[in-house]
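Enquirer: So the chains spell out like this:
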Amino acid sequence: MNTEVLHEFVNKLKEENSAWVVDVKDALGEVTAIVPCESIVDVCWVLKTTHGFDLLADLCGADRGVEEDPRFEVNYHLFSTKHHNRLRLKVLLTEDEPNVKSVVSVWKTANWLERETYDLVGVNFEGHPDLRRILLPSDFDGHALRKDYPLRGYEPYSLT
Amino acid sequence: MSVATENLTGQVDVLDQLESQMTISMGPQHPSTHGVLRLELVLDGELVIKAVPDIGYLHTGMEKLFEYKKYQQGIVITDRMDYLNPLGNNLVYVMAAEKLLQLEIPERAQVVRVLMCELQRIASHMVWLGTHCLDIGAMSAFFYCFRQREKILNLIEAVSGGRLTPSYFRIGGLMMDLPAGFERRVKQFLDDFPAALDELNTLVSGNTLWQSRTQGIGIISPEDAIDWGLTGPCLRGSGIDLDLRRHNPYSGYETYDFEVPVELDCDVWARFRVRMREMRESYKIVRQAIDRLKPGPTKADAPKIVLPDRDDMRKHMDSLIHHFLIVAEGFNVPTGEVYQAIEASKGELGVYMKSNGGPKPERVHFRGPSFVNLQALPVMSEGEMVADVVAIIGSLDIVLGEIDR
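These protein sequence lines are chains A and B, in that order. Using the numbering used here, read the first sequence as starting at 8 and increasing by one per residue. Using the numbering used here, read the second sequence as starting at 2 and increasing by one per residue.
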């Protein structure tokens with residue numbers, strides 16, 4: 008797939024503010040822009056309002072491994088209902104401060120997706136209107152999709 | 002003012018509130034919630050003031066499980082997510098893995114994938130229509146729908162051996178070629194299908210009761226629909242022309258001739274119309290696909306990734322070795338990350354797959370259309386009657402297996 012169009016969007020972002028894009032990766036027909044975690048809301052807002060990426064297709068967190076630094080990442084998969092391009096934004100987060108600003112103010116759909124990421128990966132979304140667990144019970148201990156969380160849990164979970 | 006009267010007025014306020022507003026829990030065992038969805042409804046009389054979906058009752062930790070299974074073992078897990086559209090789940094998963102492996106899929110396998118996915122879409126829409134009608138109180142349509150679905154499940158069983166859990170698509174192609182006489186059976190189904198669809202249309206669409214229960218209910222504006230991330234028939238029911246088969250084509254969908262139905266009413270009726278029209282388009286695609294079926298390989302030419310045929314294993318030593326290695330150790334997938342999306346029966350089904358070079362994925366995340374579409378339920382149902390919430394849930398076409406994963 009031709010990724011030149013996507014690089015143009017990233018270049019426009021860089022022109023607007025050179026600190027917004029730390030690194031750009033182009034692999035397998037997909038372009039990933041690595042964004043510093045403090046400016047993710049601004050970048051998303053600009054991409055949505057001026058570059059037509061009006062649909063947040065997916066938001067997911069990942070644990071890169073216990074020894075990795077930065078340990079966590081959050082991926083934003085943007086899609087445009089106008090020009091039908093996809094762009095991935097990536098935010099890297101350290102183990103000690105897995106905090107990133109919430110993009111619920113940009114897309115309402117981020118609400119549940121961020122809650123899911125908080126629930127399973129343990130990323131803290133600052134400014135989220137209702138950050139509680141969504142899939143696991145509210146008294147669940149730990150974050151199940153972290154690499155150091157055992158497959159069968161620490162102890163048999165009781166529903167009663 | 003004395004303390005006593007203050008207390009009294011306070012009590013009256015509480016009583017007033019109790020009389021006018023009531024919080025009820027709808028589900029998780031309510032039959033119209035299509036599984037184990039719980040809704041917390043704040044009602045004023047019959048008016049819905051607030052609706053809060055509560056999910057997670059069916060959470061089985063699939064995304065964690067993927068990380069502990071080899072790539073080819075993950076396919077069977079995907080069957081169990083959206084259990085009304087398992088072939089779509091298979092397709093998106095294997096496509097993501099194929100993208101990481103950069104495999105070239107033979108023509109016949111692509112055509113069969115399109116053929117089976119469109120049949121599955123019809124089957125999924127049939128369940129949607131039957132249960133949607135049942136929720137609103139029209140019982141007979143359910144039986145007509147499930148008769149058609151049964152025919153498709155028989156076809157799926159013929160190719161894969163499974164009715165609800167086919168796991169038919171494999172990384173690099175198909176599990177096996179179509180069985181003998183399959184084309185004839187599909188044609189038989191196709192010959193009867195338009196008449197069955199017309200029958201359903203007269204049974205449901207033309208019904209004034211049905212119309213008054215669905216028209217003007219559960220309205221979501223096009224701007225809101227995009228903001229809430231709606232995709233698939235829900236988005237097209239709000240007048241946005243977006244279909245990934247057309248706009249981000251995969252598996253050769255760009256070469257098929259079909260329309261993307263769009264309705265402008267933004268209500269339950271519009272979403273209903275979109276799905277009804279979509280079934281006819283799926284029928285058209287299946288017709289084209291069945292005409293395109295040419296003999297040829299159904300597996301990619303990658304002996305270290307694709308399981309060899311049984312016949313080869315008996316004759317060739319290297320096939321036997323490859324088979325053993327693939328089953329026992331799996332195959333290594335190059336490091337990388339992909340996001341692959343397809344147009345499933347409910348909307349954009351996406352998978353984010355990340356590989357660290359080993360035989361097991363580092364992270365697999367599914368973007369389920371039901372999960373995202375359900376989020377918009379409060380916007381659609383607030384201000385409506387409580388009986389309409391049932392109609393709105395039906396129009397969203399959710400499957401809890403995919404929401405909770």
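Bear in mind the hints are in silico, worked out from the structure with no lab data behind them. Small disclaimer: the values here were computed from a predicted structure and weren't measured. A few of these clues could be false.
[Claimed, not checked] Covered by chain B, according to a simulated footprint, are these stretches of chain A (three or more residues, beta-carbon under 8 angstroms):
1) 13-27
2) 57-69
3) 129-139
[What the hints assert, rightly or not] For each label pair, taking beta carbons as the anchor points, the in silico distance ranges come out as:
4) A:131 <-> B:316: 35 to 43 angstroms
5) B:316 <-> A:140: 36 to 44 angstroms
6) A:33 <-> B:181: 28 to 36 angstroms
7) B:336 <-> A:133: 27 to 35 angstroms
Heads up, the beta-carbon is just placed ideally off N, CA and C, and yes, glycines get one too.
Enquirer: Within the assertion that chain B covers the segment 57-69 of chain A, do at least three residues meet a Cβ-to-Cβ distance smaller than 8 angstroms?
Expert: holds (count 7)
Enquirer: Count the residues of the segment 129-139 of chain A with a beta-carbon closer than 8 angstroms to any beta-carbon of chain B: does the count reach three?
Expert: violated (count 0)
Enquirer: Could you check the hint for me, namely that residue 131 (chain A) and residue 316 (chain B) are 35 to 43 angstroms apart, CB to CB?
Expert: At roughly 59 angstroms between Cβ atoms, residue 316 (chain B) and residue 131 (chain A) fall outside 35 to 43 angstroms, so the hint is violated.
Enquirer: Is the distance from the Cβ of residue 33 (chain A) to the Cβ of residue 181 (chain B) consistent with 28 to 36 angstroms?
Expert: violated (46 angstroms)
Enquirer: Taking the Cβ atom of residue 336 (chain B) and the Cβ atom of residue 133 (chain A), is their distance within the range 27 to 35 angstroms?
Expert: For residue 336 (chain B) and residue 133 (chain A) the Cβ distance comes to about 31 angstroms; the hint holds.
Enquirer: Would you check chain B against the segment 13-27 of chain A, counting CB to CB pairs closer than 8 angstroms, and say if three or more residues qualify?
Expert: violated (count 0)
Enquirer: Does the hinted range 36 to 44 angstroms hold for residue 316 (chain B) and residue 140 (chain A) at CB?
Expert: Check failed, 55 angstroms falls outside 36 to 44 angstroms.
Hint violations for this structure: numbers 1, 3, 4, 5, 6, all remaining hints satisfied.
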